Each structure stands twice: as structure tokens, then as C-alpha cells.
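Fit chains B and C to the supplied structure of chain A, relying on the hints for placement.
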Amino acid sequence: MRRRIHPALAAFAVVTFLFLLGPLIIIVGTSLSDTVFLAFPPQGLTLRWFENAFEISAFRRTMWTSFTLAVLGTALSLLIGIPAAYAMARYRIQLPRFLGTIFVLPVLVPEIVLGFALMKSVATGLDTPIYTTLLVGHALLVLPYCVRVVGASLAQFDFSIEEAAVSLGCPRWKAFLTVVLPNIQGGVIAAFVLAFITSLNDVSISIFLTGPGVSTLPIQLLAHMEQFFDPTIASVSVLLMFVTVAVMALVERTLGLTFLAK
Amino acid sequence: MTVSLTLDHVSASYGRTRVLEDLSLEVGAGELVSLLGASGCGKTTTLRLVAGFLTPDAGTIRLGERDLTRLPAHARDIGLVFQTYALFPHLTVLDNVAFGLKQRGLGRAARRAQAGEMIERVGLTGFADRYPANLSGGQRQRVALARALVIDPPLLMFDEPLSNLDAKLRVDMRVEIRRLQRANGTTALYVTHDQEEAFSISDRVAIMDAGRIMQLDAPEVLYSKPANAFVADFVGFETLIPMRAVAEAGDAVRVEMEGGATLDLPRAQWTVPGQEMIFAARPDGLVVAREGEGIPARLGLRTYLGRAYQYRCETAAGEVSANGPLSQPMEPGETAVLIPNPEQCCLLPASNA
Amino acid sequence: MTDRRLAWALAMPALLLVALFLGLPVLSTFGTTFTTDDGLFATYEAFFQSRFRRSVLWRTMEVATITTAISVAIGFPTAWVVARAPRTLKSLLIVAAVFPLLTGVVVRSFAWLVILGRNGILNGALERLGLIEEPLTMLYTQGAVIVAMVYLFVPLMILTLVGVLDAIPEDLTDAAASLGATPAATFRQVVLPMAVPGLIVGAVLVFTGSFTSYATPQLLGGERQMMMGTFLHQRAMVTFDWVGASTIAAIMVVVTLATVWGMSRLANRLNPVAG
Numbered sequence: 001m002r003r004r005i006h007p008a009l010a011a012f013a014v015v016t017f018l019f020l021l022g023p024l025i026i027i028v029g030t031s032l033s034d035t036v037f038l039a040f041p042p043q044g045l046t047l048r049w050f051e052n053a054f055e056i057s058a059f060r061r062t063m064w065t066s067f068t069l070a071v072l073g074t075a076l077s078l079l080i081g082i083p084a085a086y087a088m089a090r091y092r093i094q095l096p097r098f099l100g101t102i103f104v105l106p107v108l109v110p111e112i113v114l115g116f117a118l119m120k121s122v123a124t125g126l127d128t129p130i131y132t133t134l135l136v137g138h139a140l141l142v143l144p145y146c147v148r149v150v151g152a153s154l155a156q157f158d159f160s161i162e163e164a165a166v167s168l169g170c171p172r173w174k175a176f177l178t179v180v181l182p183n184i185q186g187g188v189i190a191a192f193v194l195a196f197i198t199s200l201n202d203v204s205i206s207i208f209l210t211g212p213g214v215s216t217l218p219i220q221l222l223a224h225m226e227q228f229f230d231p232t233i234a235s236v237s238v239l240l241m242f243v244t245v246a247v248m249a250l251v252e253r254t255l256g257l258t259f260l261a262k
Numbered sequence: 001m002t003v004s005l006t007l008d009h010v011s012a013s014y015g016r017t018r019v020l021e022d023l024s025l026e027v028g029a030g031e032l033v034s035l036l037g038a039s040g041c042g043k044t045t046t047l048r049l050v051a052g053f054l055t056p057d058a059g060t061i062r063l064g065e066r067d068l069t070r071l072p073a074h075a076r077d078i079g080l081v082f083q084t085y086a087l088f089p090h091l092t093v094l095d096n097v098a099f100g101l102k103q104r105g106l107g108r109a110a111r112r113a114q115a116g117e118m119i120e121r122v123g124l125t126g127f128a129d130r131y132p133a134n135l136s137g138g139q140r141q142r143v144a145l146a147r148a149l150v151i152d153p154p155l156l157m158f159d160e161p162l163s164n165l166d167a168k169l170r171v172d173m174r175v176e177i178r179r180l181q182r183a184n185g186t187t188a189l190y191v192t193h194d195q196e197e198a199f200s201i202s203d204r205v206a207i208m209d210a211g212r213i214m215q216l217d218a219p220e221v222l223y224s225k226p227a228n229a230f231v232a233d234f235v236g237f238e239t240l241i242p243m244r245a246v247a248e249a250g251d252a253v254r255v256e257m258e259g260g261a262t263l264d265l266p267r268a269q270w271t272v273p274g275q276e277m278i279f280a281a282r283p284d285g286l287v288v289a290r291e292g293e294g295i296p297a298r299l300g301l302r303t304y305l306g307r308a309y310q311y312r313c314e315t316a317a318g319e320v321s322a323n324g325p326l327s328q329p330m331e332p333g334e335t336a337v338l339i340p341n342p343e344q345c346c347l348l349p350a351s352n353a
Numbered sequence: 001m002t003d004r005r006l007a008w009a010l011a012m013p014a015l016l017l018v019a020l021f022l023g024l025p026v027l028s029t030f031g032t033t034f035t036t037d038d039g040l041f042a043t044y045e046a047f048f049q050s051r052f053r054r055s056v057l058w059r060t061m062e063v064a065t066i067t068t069a070i071s072v073a074i075g076f077p078t079a080w081v082v083a084r085a086p087r088t089l090k091s092l093l094i095v096a097a098v099f100p101l102l103t104g105v106v107v108r109s110f111a112w113l114v115i116l117g118r119n120g121i122l123n124g125a126l127e128r129l130g131l132i133e134e135p136l137t138m139l140y141t142q143g144a145v146i147v148a149m150v151y152l153f154v155p156l157m158i159l160t161l162v163g164v165l166d167a168i169p170e171d172l173t174d175a176a177a178s179l180g181a182t183p184a185a186t187f188r189q190v191v192l193p194m195a196v197p198g199l200i201v202g203a204v205l206v207f208t209g210s211f212t213s214y215a216t217p218q219l220l221g222g223e224r225q226m227m228m229g230t231f232l233h234q235r236a237m238v239t240f241d242w243v244g245a246s247t248i249a250a251i252m253v254v255v256t257l258a259t260v261w262g263m264s265r266l267a268n269r270l271n272p273v274a275g
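Residue numbers (UniProt numbering), protein chains in the order written: chain A, 1 to 262; chain B, 1 to 353; chain C, 1 to 275.
Since the hints were made in silico from the structure, they are not lab data. Be careful, since some hints might not be right.
As the list claims (entries may be wrong) - Partial chain C-side listing against chain B, Cβ under 7 Å, derived:
#1 D37
#2 L172
#3 A175
#4 A181
#5 T182
What the hints assert, rightly or not - To give an idea of the interface, some chain A residues facing chain C are shown, with a C-beta separation under 10 Å as derived from the structure:
#6 V15
#7 F19
#8 L21
#9 E55
#10 I56
#11 I130
#12 L154
#13 L200
#14 G213
#15 V214
#16 I219
#17 M225
#18 M248
Computed from a predicted structure; not experimentally measured. Where is the CB? At the ideal position from N, CA and C, for every residue including glycine.
Here chain A stands alone, though its shape is the one from the complex:
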């Protein structure tokens, strides 16, 4: 007896979601096709393109680079982002409001501009090693996620609990580690995985900061696509989709995915 949505609107939404998911399904299909070209629906089923992805040393190498870069960049960003988010939540009155804007600058400034500026001023200008510059760039790229997501968690936190711990004789730093941190754990985990996937998928910064011996998986994929057009790329894409699924599962378990629709 509930009111229903107008059938035309419902049909429209169905078409939209087919449009959103169809291309990804096509990629999964082509990655399994037993043909040397990209075929959909797949002709014959095989996993050899997945094996092939790991046999190509450029993919193996860049997978590892991208993974370590994402882990280290995100860790670095959280390490400085959590204290910043804590300071902004705990000492709202003592800090000027524009600080919040500063921490989202990496989103406001186009990524590709940031990548170019880092390449020009830091990598070339200061002669900084490529990998180090890449790491700094990725840490910057994900800083807004870290500060915002952890900040959202801290906004729910009742700081009188921390004061209670201090009043019971717990030093400030210990109170933070044993009282505050466990209570914002969900936000920290969600921030980590969201930042991780953002870093893992980044193109616009990395495109300027790859050089001899250093490249990331998305950049390698781009280069590969320009020369070869076989299902190996599709299989690597599917592997990346698995990472997405894992990230979504973790976000759902911590903050809930509806958090992303806010």
C-alpha cells in the first residue's frame, strides 16, 4: 500500500545504473575471453590473461610501486593529518577557520597542475629523487581525505571522555592513544582505505613523476594501452576492481557507505 515511484522515473534509473555498471561488466567479460583480442561476450573462458599480467615484469614492478606508494603516502598523510584533524576538532576556538580550507587545497588545485608544479619545482628544481617526490605528491593528494574523514569521526567524539581520563591521572599523549584513538578507529580505517584507493588510482600527479625505473600501475596501463590491445589490460583492470570491492567492504564496516552520500 506504499506509494510507488512513477514507472517512467524508475525505468530511467534502471537505465542509468545499466550505463554505470555495463562497461565494468564488459571489462570483466573481456578479461576472461580466450582470444588475443578484446571480445565481449567472451569467447571461451580462460584465466591466462591474469597469469600474463603477472608475467609482464613492467606490471609486476609497477603493481609493487603503486602498492607501497599508496601505503606509505597514506600512512604519512594520516600521521600528520590525524593531529591536524584533532587540533581542529578539539581547539575549534583557538585555531582560525581558514585552516580547514588550507587542508582541502589539494582538492581545489587541479591535480594535474599540482603534478606539474611538483615535477618542475621539487623533482627538477631541488633535484629531489623521483620516488620521494611521488611520495610527497601522493601524501598531499590524500591529505584532504584524511583530515575530512577523521574530522567527521572526531566531530562525533565526546571530548569529556578524554578529560575524564586526564583527570584520572592519564598523561595527555597516553589519553589520546588509549581513549581518543580507539573511539575514532572507524574513521581512521575508512580514511586509510579511501586515501589508499585514491592514491592507487592516481594518474594526474604520477604522470609527471615517472621516470627511468619508477612508474605506477595506472601510468604503466596507459602506456601499455597505447601499444597493445589485448585482454591483459582487462585482467589488470579486474584486479583493480577487486581492490575497489575490498575498500568498499571496509568502508561499509566502519563508517557505512552511505557516508559517501553526504
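Here is chains B and C on its own, set in the frame of chain A:
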């Protein structure tokens, strides 16, 4: 133009859960009827069915001669006051009140004049250009009321309209609502879980439980003559003891309880000898005395209520509460009799227990 | 240590990261565009005098505007359905929108390479159906770039709008109906005005995102459909014209910030309840 609202054998369900079971109800022209009950009893569902936000599985809903059952909500012409007020936050008070007039195709000048007049009538002169965010709870309530009244609907409905106000404002607003409804002679359906509110504002009250109307009567009747144990319990008859009629004599019927004690109470048409029934009493309905004709009891804990002492009493039918006069305090452990006070007790048919 | 100093000390590492590795590099990049021998604005004059460079800027604006318009047109009705769906279905639909959003740009653009290619899936299907005899050229056209961009940004638009539409209580649309507003009138007079701020946020995200994109125009537009992002990369990494690249970067930042600023002013103007 005053018309009556008729619900005829209406049933409704959410998925597999039945929320209304074959409900029939008539609200007379110009009458205010309240639906009273705990949450989940179906009172809000009933209102939403009439408003057209839900469609019944079976049955018809009529307003005067008009069959509303399949009409979309916007074509029903019913004024509705929401629990949340549901004011449009992006419109001023004036535009909120004028919203319904705009839908009816009234010109700008006429809308503004009529809405302005209604704003004055609800006592919000000077607030026409404010936004809802800048109003107090009571003021928002008045805007919601004005917005529903200005379209001059043949039926007004209220969904817990006062539950978000503080106690004093609640009393003021319910008087105000009653005054405006009376003045316009509009038929009204009022949903609430607050017994005092329902009794004070309504011509008749329907007490609901599990999707059914347990009793529909004037508040005075509900209060003194509940039709069944559910309603009796609802209106404050705390003590319910199973009894059986054994004899009739004149205006009285003699009833017997477990253990053999008998009481003489005013008889009714159905209280024929042999009939199982329930004796229902408010705390003042049983008076503790040292001797007399009543229910034998052993006294337990005594508490002081200011106007009387209350005792927990052990009887053959279990533990009950009864009051005793301040002039004769009695001690726990004493034996006593509980004498019924006919003003504060009644007999109910057992089948509805 | 006072609270104030502790607060600054805690925020300092993050502030330094942004200042040293974003602020300084970006500002020094802009600086080089004003310090050429030909005068203060010489590089910008050169940019706007060149027909080709103007066309790149114009194309990028055009693609971003069309992408934004289509994303709104697709995203709004879809978000409405999602926001009003029963709970379980709603979570499922949100998952279906988040999944593409968190899948990389390269992967999502690659999908359209597979679909729109000369020997791609769409051409294959059309040929099998006998609708065409020769494969159509769809890659490296503006249409291909726009389709892929829309694909990229519709999930973002949907999620932004679901958040906004969710915040409109059902009681409000019910109240409008009870006052005699038809569904169309309710949409126009209640839902739309209340959704405008969110609509603007979504539009800004999509516009700036597509205006500054790199991977998608690179893969689906190629040299022929050069956009600001690919143009910047080409100037910097292929022709090593760093001053030219810096000029492009500066123009991108100006357009982005102007869009954000202008639209947030518009949002404030259209939102009388803001105060």
C-alpha cells in the same frame, strides 16, 4: 459546507503486516473525533489513508458524497497539520500559508490578502516575512495551522500536532485549535497518544489497539463506562478482577469472585446470572475498611498519598491496590475488607478481556 | 604549553606539507609566467593570440559544460529514485554508484576504449544487427570524450544529490500534496528550490573535474581532441616548453577557482534560508 467523513470496512497492511483490520468510522459534520492509542495501534496509518499518502487494501473512504479512496492526495482537499509541522524552509511564513491558495490558482494579490488575514487570526501579525528557521516551536505550530486552515478545507486533520511543544504551550494551543475548528465548523480528525489532550479537545474519542477501534464514545462515557478491559485499563481502571454473576435483586446484581466473596453492584442489561465478567476499579474504587461487605484482604505495604493511604492488599484473586482514609491508618498484616465505591468501579463483559 | 600553542603545533606538520609542497611550487610555477623577457603578461597574450591554444581552452570549456549538463540531467532523476527507494534497495543502489566512483579513471576510460573502438563492441554489435556496413569512427571524437566523462562523473553527481534529496523530509512533499500541489508542482515549488544548493555543489565538482581531467581526453580524444590537461602535459613533457605549460596551469587554476567562487555565490543567493 460541513460534511461527514466515513471510513467503511477499511483494511491496510505494510507488506505482510496488517496494520488496520476492517476499520469503520464516521466523523459527523462539524465534529472533532480523536484517534487515541499507543504507537503502532494504527491511528497514524488511518490518518495517512484519509490523506491519500497510503492506499487501503480494501474498503472505502468518503468525504460527504465524494469517494476519496482512489483519489491522489493532492486532489482530496484536506487540511493537514503535521507532527513535524512540515513547513517549507525555503518559503516565508506568508508564502507557506499562501502555498495552498497558489495551487488553487488564486492570483497573487488575493493569495497575499487571504494568507495575511489568516496569519493575523492565528496571532502571528508581524511575522509574515520571517522564515520558519527563525520562529519558535509555538509560532511554527501556528503557521502550520494557518496553512491548513486558509484553504478552507471540508476536513481538517491533525497528526500529533502538539507533541513537540512544552507542557504549557500544549494546553494553550489545544484550546486555540478547538476554538478555530469550532468557529469554522470544520469536520476534524485528530491523532494523539495523549489521553488528556484527546479527552479535552474532542467531541468523541476512538481508542485504538492493534488496528481496531476498541471503543468510540464521548470522553465522559469512555471515562466512566469503558466497554471492555482494554479501554478500562487505558482510562485508569488499574484493578481488574474476574467475577461471575450469581443473582439479581432490584437494581443490583450480586457477583462472586474466586474464594466465594460476593459484592452487590449496579446491574446492567447483560449482567444476567451465570455470566462471566470482570470487575474493574480505580484505586479509589475499593475502600479499605475494618469491617463491612466486600472483598476480604490481608494488608501489605502502606504508602502515603496525601489525600489517602494506599495499601497493597492480598486477596483470593491476587494482589490489588486500594485506598483507605487518613483518619484510620491500618498496619501491614491486619485483615480488612475492600468495599467497592460504585462511582469508581464498573463491570465489564469477560469476552473482551 | 597553552592550548593555543599545542593546537598550532599539532596542525603544523600538515600545514607545512601543504605550504612547502603545494603552495610554494604552484606559486613559483605561476611566477615564471610573469618573468619572461617579453613583459609581464606576454605569455598570456601569446596564449590568447594563438588560434590553436584558444581552441583548446574553448573545447575544454565546452566539453566540461556539456558533461556537467548531461550529468545533472541523468543524475537528478536517478538520485531522486535512489533517495526515495526502500532501505535495502537504496543501500544496493548506493553501492552500485560508489563502485564505479572508486574504480580508477584509467580502468573506466579503458572500458569506453573497448566499447567505442573501431573493432570495438559497439561497432561489432551494430554490424551484426546489419545497421552499418563499415565500422563507425567513434574514438578520438568530442562525443567519445563526453560520453566517457559523463560516465566518469555521473556517480559523483548521484551521490551528491542523494545526500541533498535525503535531507528533504517526506513530510514536506506530503504537506505540499495535502495543500493541493500536483507531483509536478511539488517538484517545481518544493523539491527543486531545496535541492539547488546541492545541485550547484554537484555541478561545480563535475565541471572542475572534467575541466582538469587528463587520462580520459588522453585515451579517448587523443591529439585531435586536445584539452587543457592533455595540452599541459604535452607542453611540459613532450615539447619541454615549461613557461607555456605554466601558463596553461595558471589559466586552469584561475578558471577552477573562479567557477568555485562564482557558483558558491550563486548558491548563497539562491538559498534564502542560509542565514
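Hint check:
For D37/C, the interface hint is violated, since its Cβ never comes within 7 Å of a Cβ in chain B; the closest pair sits about 56 Å apart. Against a cut-off of 7 Å between C-beta atoms, the interface hint on L172/C holds, since the closest Cβ of chain B lies about 5 Å away. A distance limit of 7 Å between C-beta atoms decides the matter here; for A175/C the minimum to chain B is near 4 Å, and the interface restraint holds. For A181/C, the suggested interface contact is upheld, since its CB lies about 5 Å from the closest CB of chain B, less than 7 Å.
Because the beta carbon of T182/C sits about 5 Å from the nearest beta carbon in chain B, less than 7 Å, this interface hint is met. Because the beta carbon of V15/A sits about 9 Å from the nearest beta carbon in chain C, less than 10 Å, this interface hint is met. With 10 Å as the threshold, the beta carbon of F19/A comes within range of chain C, its nearest partner Cβ sitting at about 7 Å, so the hint holds. Hint status for L21/A: holds, given a least beta-carbon distance of 6 Å to chain C, under 10 Å.
Interface hint at E55/A: violated, since its Cβ lies 20 Å from the closest Cβ of chain C, which is beyond the 10 Å cut-off. The restraint placing I56/A at the interface with chain C is violated, with a minimum CB-CB distance near 16 Å, outside the 10 Å limit. About 13 Å separates the beta-carbon of I130/A from the nearest beta-carbon of chain C, more than 10 Å, and the hint is not met. Given the 10 Å rule on beta carbons, the hint for L154/A is violated: about 12 Å separates it from the nearest Cβ of chain C.
The beta carbon of L200/A comes within 7 Å of a beta carbon in chain C, closer than 10 Å, and the hint placing it at the interface holds. With its C-beta approaching chain C no nearer than about 17 Å, G213/A sits outside the 10 Å limit, and its interface hint is violated. About 15 Å separates the beta-carbon of V214/A from the nearest beta-carbon of chain C, more than 10 Å, and the hint is not met. Restraint check, I219/A versus chain C: the minimum CB separation of about 9 Å is within 10 Å; hint holds.
Checking M225/A against chain C: minimum C-beta separation of about 6 Å stays under 10 Å; hint holds. Using the Cβ-Cβ criterion of 10 Å, the hint placing M248/A at the interface with chain C is satisfied: the shortest such distance is roughly 6 Å.
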